[in-house]
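Trainee: Here's the letter readout for the chains.
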Amino acid sequence: MRVWPIFKKEMRLYFTSPIAWVIGAIFLLIAGYFFSAIFNFFAQASMQSAMNPQMAREMNPTESVLRPLLSNVTVILLLLMPMVTMRLFAEERRSGTIELLLTYPVRDGAVLVGKYLAALALYGLMLVGTLLYPLMIAYFARLDWGAVLTGYIGLVLLGATFIAVGLFASSLTENQIVASIISFGVLLMLWVVGWSADYVGGAWGKVLSDLSIIEHFDNFAKGVLDTKDVVYYLGFVTLALFLSLRSLEARRWKE
Amino acid sequence: MIEVQGLTKQYGPVTAIRDVSFNVAAGEIVGFLGPNGAGKSTTMRILSCFMPATHGSARVAGYDVFRDSMEVRRRIGYLPENVPLYQDMRVAPYLDFVAEVKGVSRGARKAMVADVMDRCRISDVQHRLIGKLSKGYRQRVGLAQAIVNDPSVLILDEPTIGLDPRQITEIRSLIKSLAGAHTVILSTHILPEVAMVCSGVIIINKGSIVAQGPIDTLVDEFFPSARVQVEIEGPRDLVRERLASIPGVTAVKDDGVDGAGGMFLVESPRGRDVRSEIFRLAAQQKWELRELRRVGMTLEEVFIKVVAGEESLAPGERTVEEAAARVSEEDVTARRPEDET
Ligand SMILES: Nc1ncnc2c1ncn2[C@@H]1O[C@H](COP(=O)(O)OP(=O)(O)OP(=O)(O)O)[C@@H](O)[C@H]1O
Ligand SMILES: [Mg+2]
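Sequence lines, in order, name chains A and B.
With this note's numbering, letter number 57 in the first sequence gets 57, and the count goes up by one each step, no holes.
With this note's numbering, letter number 236 in the second sequence gets 236, and the count goes up by one each step, no holes.
So here's chain B without its partners, still in its complex pose:
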């Protein structure tokens, strides 16, 4: 549905994106990730026909964004990142204008606008001036204008930014409900959101695509090992040594200290379960085993790995979380709940 081939965009001397290629299949919801300034918005502006690329081509719904721009525009809904709306218009007339300009017939318009206001929960502010709305409500009006004519492709640049937690959940389920009949590409800095909403991800860094594919495949690709988190009360060094000597264990990492014992992350090849061995080891040594569970690799860790590079953990940063804080304050705002696998 979205085919991007060798896309390059230069703003004067600045190369915002370089040779970007990816595909999004029809009915898919794809998350577009990358640190600030990576080129997400630039790519989306090209896809939405706002500006032409310097090189390369992009096709949306089978039409070239440059040559058949009008055909593309008929089929997309676009939400730019700063949600530009007419401050001096009221919500309902504004949506009516958007529907009309998008070619919704006069007869269908009223019902469509009412429906979209209902879905985005803005019916109660429909007579208010957009400029007087709170940020979250403006965000919803922005989303409403994107989906008002039920376009087959949605390009959403940070659609949940500025919403309260309940709203975020609602908007996410709204976006999720669009899957199947619609193709969605959405950019976000909230990585758990991608895991919840999207079937695939595209990670872009410094203007180039660094990883793409279904989330699970990506995680496997970047983290071919399984991890177990253990908390054992016992002599730390000895515990670490013994854990490392269990057959199949490839690495033991400190994961914090708690009282007399310590927490460790034990890595082994995927498919090799070392939990029973750890349990037996602790029982044998009469160490108190306080916790033993598998932890999944998260998309967040993939993100950090491909964007910052695991090797580039700065001194003093032991975990990816700290690295994340360094890469960008905003890039990682929440942790994805641990995998149950």
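Chain A with its partners taken away, still in its complex shape:
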């Protein structure tokens, strides 16, 4: 499996073109904005609560800063990740470079995994940038680092799923815009499907909320690590990668 050269090539392309820089900058900017808004609110609330012992017990930075921050970050990811992944196959198809790539002695699976890991690595770098915020909280207040770790594991799994879906969407078309709309649409649908869970109720409601891509994240945000959620995300990644591989193979026949 020649995954490594593909991975390196994708990373190079991310960083020699402005994509990685622009997406990274926008992501950190918006995340930073959310963080400062939430943190200011928390600081004011804790000042007031200093006079009110009843309230002070409820003031917990993990609960009132980290958790809202993480859930805000997931919304940014929903909007940005399709743009990280849209070019992966669509661009190769549009420019014709796929014709060379797929005639090199490297398996389709290796190409797929190389590209997937590159997008994941870029996402990883973006996440590393956000570590600044928990560090700042920790400077002012006691932070539960276990919860932070769990939260970030959740973010990695969620992002990994977004990227797999985006990669699949990119393998379907040669148009980057279409790829990004498809992945955004699919993710949004998986996101809101849980909203009707309460309304439907019963067993079906349970199914809907279990299907929802964001319901599973809630546990991580609360600092709870549940295998059920991990399996959900990993299963999703596997399924999306498998479908991408099939679509890549099918494309050869249709070409």
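There could be a bad hint or two in this list.
To be verified - Here are the simulated lysine to any residue pairs, SDA-like style, with alpha carbons at most 25 Å apart:
no.: 1; chain 1: B; residue 1: Lys132; chain 2: B; residue 2: Met112
no.: 2; chain 1: A; residue 1: Lys8; chain 2: B; residue 2: Arg90
no.: 3; chain 1: A; residue 1: Lys254; chain 2: B; residue 2: Pro84
By construction, these hints were calculated from the structure, which means they are not laboratory data.
Starting from the known structure of chain A, fit chain B with the ligands onto it as the hints suggest.
Mentor: Positioned in the frame of chain A, the structure of chain B with the ligands alone reads:
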């Protein structure tokens, strides 16, 4: 080295190639000719394992392109016709990537990339972004990626398109230097190029092979006669009549008018030299003989004959050159220098 058997490819309802069969022996350089849309690129895409054929089989270096695709891919270098490259990569890292993905070991890679950049004359742009290069330089980078790992079979789809004349000569000699150790199949619209570079040709038209073999054999096969070009100043009709009455002459064709005289193409069976008779005829009649020389049949004429059919010269077209212009503006871009035979 390349064995193609009954290859057919359908794009939906369009049949791009139909029952194509040919062989290319090891160490040979073969030109793949055909008008636009004939199916050259389609055949090459199948040979390079980019897409499977609808029917038929193709073997490259002894491996089936479909079943042992990975083995084939290890042994080929492929240059697609529109030279797709990563615009956002720099030349040297790009070639390094290609070499790595083709399995060149880390230790050998640097030297190999440097060598191939040298051979394709792109060392001076190695730090530039590919997207910022001129067409000709991109073409050379494309060729460099095909030969970087020194593959035994090269599949080149119009390798000299977009190059300046000096570059064309250099690339041709580069390709020629590959003969022997490498097997090359190259498509082109420049027919003289085939005569200069290739030992054999395969001509494809509307998806089917219409002629193949060594160039000389093909020319003999399609033009079993010898031709002499004569320019004589004298009464045109009489000159034509007398020329035609020389024993052995099978046809006399007008080849243009120049002042008082005219130019004629005199055909005779191969091996029968009528030049001395023409000379004596002119001397006897006191006609001024301005030119007398043998003209070889060119590959170009073979091409026109098999692709358009000599009979299908449209009214008003007297020569194959005009027919060529009709068949395709691009198909014939230059004339092969006359044969010395
Ligand atoms: N992806 C495709 N989908 C549908 N039809 C195609 C496709 N690619 C090629 N064709 C058709 O197949 C036929 C052969 O095309 P091909 O590109 O092989 O010709 P070619 O000999 O390379 O021509 P050219 O000299 O213009 O490069 C053409 O009729 C073309 O329209
Ligand atoms: Mg072509």
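Trainee: Now tell me, hint by hint, if it's right for this structure.
Mentor: Comparing the hints with the structure gives:
For the suggested pair Lys132/B and Met112/B, the alpha carbons sit about 24 Å apart, so the restraint of at most 25 Å is met. For the hint pairing Lys8/A with Arg90/B, the CA-to-CA distance comes to about 13 Å; that is within 25 Å, so the pair holds. At most 25 Å may separate the alpha-carbon atoms for a hinted pair to count; Lys254/A and Pro84/B meet this at roughly 19 Å.
Checked against the numbered hints given earlier, the structure satisfies every one of them.
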